[in-house]
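Asks: Here are the chains, one letter per residue:
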Amino acid sequence: MLDILYKIFSRDNNSSKNIARERLRLVLIHDRATISPDVLLLLKEDLIKVIREYLEIDEEALLVNLENDKESVALVANIPVKGLRRAVNT
Amino acid sequence: MKSKVLVITSGKGGVGKTTTTANLGTALAMMGKSVVMVDTDIGLRNLDVVLGLENRIVFDIVDIVNGSCKLRQALIKDKRFDSLFLLPAAQTKDKNAVTPHQMKNLTNELRKDFDFILVDCPAGIEQGFRNAIAGADNAIVVATPEISSVRDADRIVGLLEAAGLHDSRLIINRLRSRMVKNGDMMDVDDIIDILSINLLGVVPEDESIVISTNRGEPAVMETASRAGAAYKKIARRLTGEEVPLFTLDDERILDKFRRLLKIAR
Numbered sequence: 001m002l003d004i005l006y007k008i009f010s011r012d013n014n015s016s017k018n019i020a021r022e023r024l025r026l027v028l029i030h031d032r033a034t035i036s037p038d039v040l041l042l043l044k045e046d047l048i049k050v051i052r053e054y055l056e057i058d059e060e061a062l063l064v065n066l067e068n069d070k071e072s073v074a075l076v077a078n079i080p081v082k083g084l085r086r087a088v089n090t
Numbered sequence: 091m092k093s094k095v096l097v098i099t100s101g102k103g104g105v106g107k108t109t110t111t112a113n114l115g116t117a118l119a120m121m122g123k124s125v126v127m128v129d130t131d132i133g134l135r136n137l138d139v140v141l142g143l144e145n146r147i148v149f150d151i152v153d154i155v156n157g158s159c160k161l162r163q164a165l166i167k168d169k170r171f172d173s174l175f176l177l178p179a180a181q182t183k184d185k186n187a188v189t190p191h192q193m194k195n196l197t198n199e200l201r202k203d204f205d206f207i208l209v210d211c212p213a214g215i216e217q218g219f220r221n222a223i224a225g226a227d228n229a230i231v232v233a234t235p236e237i238s239s240v241r242d243a244d245r246i247v248g249l250l251e252a253a254g255l256h257d258s259r260l261i262i263n264r265l266r267s268r269m270v271k272n273g274d275m276m277d278v279d280d281i282i283d284i285l286s287i288n289l290l291g292v293v294p295e296d297e298s299i300v301i302s303t304n305r306g307e308p309a310v311m312e313t314a315s316r317a318g319a320a321y322k323k324i325a326r327r328l329t330g331e332e333v334p335l336f337t338l339d340d341e342r343i344l345d346k347f348r349r350l351l352k353i354a355r
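Protein chains in written order, with this note's numbering: chain A, 1 to 90; chain B, 91 to 355.
A few of these clues could be false.
As the list claims (entries may be wrong) - Computed cross-link-like contacts, DSBU-like style, restricted to lysine-lysine with a CA-CA straight-line distance of at most 30 Å:
no., chain 1, residue 1, chain 2, residue 2
1, B, 169, B, 271
2, B, 323, B, 94
3, B, 202, B, 169
4, B, 167, B, 323
5, A, 82, A, 49
6, B, 102, A, 17
7, B, 167, B, 185
8, B, 169, B, 323
9, B, 169, A, 17
10, B, 323, A, 17
11, B, 102, A, 70
12, B, 167, B, 183
Stated by the list, open to error - Just some of the chain A residues that point at chain B, by a computed CB distance under 7 Å:
no., residue
13, 21
14, 24
15, 28
16, 30
17, 33
18, 41
19, 44
20, 65
What the hints assert, rightly or not - Chain B stretches covered by chain A per the calculated footprint, using a threshold of three residues with CB under 8 Å from any CB of chain A:
no., stretch
21, 241–247
22, 268–278
Source of the hints: derived by calculation from the structure; they are not laboratory data.
Backbone N, C-alpha and C fix where the C-beta goes; we use that ideal spot for every residue, glycine too.
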């Protein structure tokens, strides 16, 4: 009897479909987080182009990478700044 | 009509690529289209047995690309429909006997004679997959409502996009409405939401598929088959017709109707 009640009330959160969906969501975050070196290089070049307009950066030491943890994926960039460009009057 | 080359793919094995190819090909032929189905699963050919044409094979796809025979000699005409043809895979030759470039030439050659060229892709993401997608205009991705299958489908969609095939469409196969209703199977919306590609159709789990495969007669020829009816709808969509999607409610009504009929009997 308790089992039946439990089933009725817990169906929405604990249904195996929801478990599947959640597990799939997490696994795909990681599967999709692989980026080809070519694409990463293009991204790096574009980043440099944009940032250079505002900051003087050490282009050789610039590091860009995708980092995973359990719940999320982050684009982590380490960009050493040599100096600020003089502000252009607007 | 401009001919279309469609590759039927999935990543994971056993989700129904070959069954889907056989049924869509047959359904399109029943609609009067000229269709050729190309089996690219070299070493593990199966489209021939699903169609009941296994005894008619003389030449295969490798013979054609090697130039050992003419295209027409390798094409097998279906027993039932005059406008339906099969180009079988080789069973005993090397898996890498065909290259993507050769596949592209082959599909271009087939375009001259057929409205639809359906390419049945092998499971996996290696050379066989590369070959199968080489000449395709669009891809049809088949997935069942299981984590493993949806995950592989996601990977395939990514690989298809990297290869320049952008508007892939999804067939969700073997959906069990009762399990969905009880919250024990992912629903169409869940899967579409996760994969974010367009839905081409939904095919219900149906025992008639096993029976029709046993006989070598695609389920679309069986009027009572629910899976067959779903494939027929998908085939109409492929010709550009707007056909409403199969929904769970439809099926519930059908079930009730069936039950009523049983009582009446």
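Asks: Verify the proposed pairing of residue 167 (chain B) with residue 183 (chain B), using a straight-line Cα cut of 30 Å.
Replies: Distance of about 23 Å is within 30 Å: holds.
Asks: Hint validation: residue 30 (chain A) versus chain B, beta carbon distance must be below 7 Å. Holds or violated?
Replies: Nearest chain B Cβ about 10 Å off; hint violated.
Asks: Does residue 44 (chain A) pass the interface hint, meaning its C-beta sits closer than 7 Å to a C-beta of chain B?
Replies: Violated, about 19 Å.
Asks: Does residue 33 (chain A) hold up as a contact with chain B if the rule is Cβ-Cβ below 7 Å?
Replies: Hint on residue 33 (chain A): violated, closest Cβ of chain B at ~11 Å, above 7 Å.
Asks: Take the C-alpha atoms of residue 167 (chain B) and residue 185 (chain B), compute the straight-line distance between them, and say whether it is at most 30 Å.
Replies: Holds. Residue 167 (chain B) to residue 185 (chain B) sits at ~25 Å (cutoff 30 Å).
Asks: Is it true that the CA of residue 102 (chain B) sits at most 30 Å from the CA of residue 70 (chain A)?
Replies: Holds: residue 102 (chain B) and residue 70 (chain A) sit about 25 Å apart, inside 30 Å.
Asks: Checking hints one by one. Is residue 28 (chain A) an interface residue toward chain B, by the C-beta closer than 7 Å rule?
Replies: This hint holds: residue 28 (chain A) lies near chain B, its Cβ roughly 6 Å from the closest one there, short of 7 Å.
Asks: What's the verdict on residue 323 (chain B) and residue 94 (chain B), does the C-alpha distance respect the 30 Å limit or exceed it?
Replies: holds (18 Å)
Asks: Going straight from one Cα to the other, do residue 169 (chain B) and residue 323 (chain B) come out at no more than 30 Å?
Replies: Given pair residue 169 (chain B), residue 323 (chain B) holds - Cα atoms ~23 Å apart, limit 30 Å.
Asks: How about the stretch 241–247 of chain B: do at least three of its residues have a C-beta closer than 8 Å to a C-beta of chain A?
Replies: holds (count 3)
Asks: Taking 30 Å as the top limit, are the C-alpha atoms of residue 202 (chain B) and residue 169 (chain B) close enough?
Replies: Given pair residue 202 (chain B), residue 169 (chain B) holds - Cα atoms ~22 Å apart, limit 30 Å.
Asks: For a C-alpha distance cap of 30 Å, please report whether residue 167 (chain B) and residue 323 (chain B) respect it.
Replies: holds (24 Å)
Violation of the numbered hints given earlier is confined to hints 1, 9, 16, 17, 18, 19 and 20; the remaining hints are satisfied by the structure.
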